[in-house]
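Heads up: the protein sequence lines correspond to chains Z and L, in order.
Here our numbering is used: the first residue of the first sequence is 458, the next is one more, and so on.
Here our numbering is used: the first residue of the second sequence is 458, the next is one more, and so on.
There may be inaccurate statements among the hints.
Which copy is meant is left open, so a pair is good if it fits within one copy or across any two.
What the hints assert, rightly or not - As a list, the in silico DSSO-like pairs of lysine-lysine whose alpha-carbon atoms are at most 27 Å apart:
(1) Lys-830 <-> Lys-574
(2) Lys-695 <-> Lys-1010
(3) Lys-958 <-> Lys-476
(4) Lys-800 <-> Lys-833
(5) Lys-837 <-> Lys-1008
(6) Lys-530 <-> Lys-674
(7) Lys-833 <-> Lys-580
Source of the hints: derived by calculation from the structure; they are not laboratory data.
There are 2 protein chains.
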Amino acid sequence: MEQQKWWGWGSYEKFTCTKNRSLFEPFLESKVGSTGDFPVPDLDTIEITKSDVDSKFFFDLCNIFEERVSTDKLTRLTHTYGKSFRDLLRVRENVIHISPDYVVFPDSEEEISSLLKLASEHKVSVIPFGGGTNIVGSVESVGDRPTCVVSLRRMNRLLEFDKASHTATVQCGALGPEVESQLGELGYTLGHYPDSFEFSTLGGWIATRSSGMQSDKYGNIEDMVLSLKMVTPAGEIKTVNVPRHSIGFSVKDLLLGSEGTLGIITQATINIRETPNTRKYYGFLFPNFHSGLRAMHSLKRGIPECSPTTMRLNDPFKTQLSVAFKEDKKPNFIKDNTESLAKYYMKKVKGFDFDEVSLMIIGFDEPHDSYSKKVKKIKKLWSKQNCFFLGDSVSETFWKTKYDFPYIRDYLLDRDIAGDVSETSTTWENIEKLYDNVIVSTEKEYKRMGLKGVVGCHCSHTYEAGASLYFTFGWRQRDEKREEDYNRVKSKVQQLFIDNKAVPSHHHSCGYEHNDWTEDALGTLGVETYASIKDTLDPDGIMNPEKILSKNKPARWKYKK
Amino acid sequence: MEQQKWWGWGSYEKFTCTKNRSLFEPFLESKVGSTGDFPVPDLDTIEITKSDVDSKFFFDLCNIFEERVSTDKLTRLTHTYGKSFRDLLRVRENVIHISPDYVVFPDSEEEISSLLKLASEHKVSVIPFGGGTNIVGSVESVGDRPTCVVSLRRMNRLLEFDKASHTATVQCGALGPEVESQLGELGYTLGHYPDSFEFSTLGGWIATRSSGMQSDKYGNIEDMVLSLKMVTPAGEIKTVNVPRHSIGFSVKDLLLGSEGTLGIITQATINIRETPNTRKYYGFLFPNFHSGLRAMHSLKRGIPECSPTTMRLNDPFKTQLSVAFKEDKKPNFIKDNTESLAKYYMKKVKGFDFDEVSLMIIGFDEPHDSYSKKVKKIKKLWSKQNCFFLGDSVSETFWKTKYDFPYIRDYLLDRDIAGDVSETSTTWENIEKLYDNVIVSTEKEYKRMGLKGVVGCHCSHTYEAGASLYFTFGWRQRDEKREEDYNRVKSKVQQLFIDNKAVPSHHHSCGYEHNDWTEDALGTLGVETYASIKDTLDPDGIMNPEKILSKNKPARWKYKK
């Protein structure tokens, strides 16, 4: 099974390259000051804990999985962490807290069921592992018990296809491209494209309540799952495969977002649709982020029938970042002059302040070209916000580079620059206030800390009642203070969400990183209820310990007001 | 507080009248044979259990609610049952198993919270009561403990209105018309119109996972609730008021459908939209039910952008029923001749067999007339199914009579005819098979029982993956065997759902009537999980005992294969 880099994001063959992005380094330096050097340690120097291969558990494990048990260093290291900023930081600092003792690769529910029985008996912790892209510490080994990581990657097949009902039953270890290629052969798509798409799995999406960049049209993962199967230590759950029912509660909705703490999601029946034939993305520039937010809101209210598949608004910082990240172009007299003229027009006629300009991308994935009319109406509506239409020139770049961004954190870390994200959701009523408060307060926090830092944001995933705000922050790291600084900024931003009527996460899930705020999201009784559900399905507490709810979390720096 | 009839559906002023429906009685007799006489007993002859008004509990109760505690016969009787067929039957047979001891009418969450503390202390059962329209025994007193019914009807106000986010916070005791009139004054609507709309409450809708006749456009109640407040014996729960989050599970989704077994839902923040300005309903006749189902399916797949707000397909029996239920018209030479011509055309040209003809109603509630174009496209698409377009003549009748149907069971009972419903949902792949099996097997069962019975169905509430089938059945009752016959038919139909890959209920909830099939819907571990949730939120087991899950249910006749 091919794995991601043990020390960073994605494929070993791919990394962020700024050779032909001459604007990027100057931009970076202008924002965070000088860059530094913070290399990945040699694999040889990494020390990880030993696996107990003399145990009765290991013997029995080998009986179940035979050659599909790994205890070698690289496999265990690759399954030690996910890809949170803290994970990347710890690897570079050569801090591998606990590595899993064993990594197994089951082929069937029966094997998983046997494993959970065995693990319950021996009190071994079990952590389900999809693609390992989680950025909130969902797959980290915690506690004193031995840990067995279960990679679902061999269970990646499409099992059933129901053409009439537009559903497919797929094994949960399928990566995004594996889901889409198997459906694609039949002429269908799921339409779930999170930024992690290339390396994350169907099971991971379900277990973390994932959301994709086309959620405005296709909904979030909870809208796409008709039914699912989960193997828990208490037995197997197969939820009813019907569009809806009203007997008590929805078991499916309870298991969605359980992050491996209740059991292992092994397969799901998902709603699919015919592959759209057309795809087109357009850009708009707004005089500022607030006018862009109002434009999004006005589209939802005024012409909802024209809603794009994707709608994403960058704030000024993220707009400047995306401009700085563009590849250099060969000089082109006509194009360059047109651009200059456009800039002149924006500045002189429209009165744009380029420090405030905000880029909106809207995209359409449709069965046929019904978007041209929609775009016309959108342009008319948004002209009230004094926007500037960029046309579809962004279309190609957007698609070509849409999965490139997660690689950038490794590039930044090479230069000793921290870069991370926190995202949330709130109502339209509250969204402008939330944005302002998070930006202003984070900048103040940098000042207090003496950091030269940046914070930016984009808005996406819109709903009738509100939308998601996705914040990006970064700074030049300080020796010996890397984790402390990170804790402080991350914690500050999360607490700002809570203090401003928002939630700890819109779609990145909880894991170990956000569980200081679980009670803020679920309430005290929600937390108690979850604990009782866990006791029922996982009576020996073997499943992914300390995620979502943590009783024994080591004290990290937590932001206090 | 005005209440429904103590012995039947709805307002005392309204009942089914067939004076100017000359087709109806002959139709009835042709279907179930001769009618009989099964009168409502005199109120004076009804005996109900005594309330213990000397108890310490009652004394404390009066301290909380003062004059808002009722122990009088009529109030207690009206809060004894809901409106299930079994409830109506028992009242007519003068069988009042257990009446609640006390009915209270709280004004606030604080009072409810005090009540739950008091009831936990004294081990008194508490049953939340909205409009009392539930048809699956959700509000019935069960067990040996004294029972206090909590009518939410005084808590019926709109508390907050958020124009930007399109949300309103409404107290859960508001009846449908109270919700809509308060929103209507602001120019908004919730758009949730179950058949019980006039007499059911927002809280009831949420507690039972209700679905309205416009669900194809506005979604079901779970899609309309952004957040809610519930008072449980363990304390108060207020779920986060955001469009979405991904921290663990969704507490809101867990409480949706809890039917008063976990606590009392007191208020909810709901998604609202601007009141549509136009409303138009159209009729189509299909050669048979199957071609109608395929037409619905083809609309979902071919021209989803034309989806109506409401789409309901009657099978032949229900089509004939609706024709027979039409009011008599004055003779009109032109109209009558047009009708005759249309009939001739359908029979001779289209080859319709009138015993198989199925009526489809589609309706549009839109901000402006965008439906004309949609109807044109639908007509074109459906012409492949050899349908006959009836135009919009059905529009007025549909709206005028849309809440009349629940009254008919009382009319039938007056004539000693049983009439009830069972509904379910399934995938498109399975829907035709399910329909055939339920119809054929129910008819066989009538034969085995020696009953002259009818069974019909309509299809509504469509989804990407499937739809709901709503079965109606009836027969001429037999003295001394009324409940036995009912148990047998109802049980048979429910079991047919389970045996044909469907669920015990799409939107009528579980209550006491369906809890023999709870495990079929939730699975064994789902049931255990629910029990653990209940133990957490309701440790003394005071909340609406024996609903959803029943340990001590008296044996009723249960269908065995």
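Right, here's what the structure says about each hint:
1. Lys-830 <-> Lys-574: neither (58 Å within a copy, 60 Å between copies)
2. Lys-695 <-> Lys-1010: between (32 Å within a copy, 26 Å between copies)
3. Lys-958 <-> Lys-476: neither (43 Å within a copy, 59 Å between copies)
4. Lys-800 <-> Lys-833: within (22 Å within a copy, 47 Å between copies)
5. Lys-837 <-> Lys-1008: neither (54 Å within a copy, 62 Å between copies)
6. Lys-530 <-> Lys-674: The answer is neither: 43 Å in one copy and 54 Å across copies each exceed 27 Å.
7. Lys-833 <-> Lys-580: So Lys-833 and Lys-580 fail the 27 Å test inside a copy (62 Å) and across (65 Å) alike.
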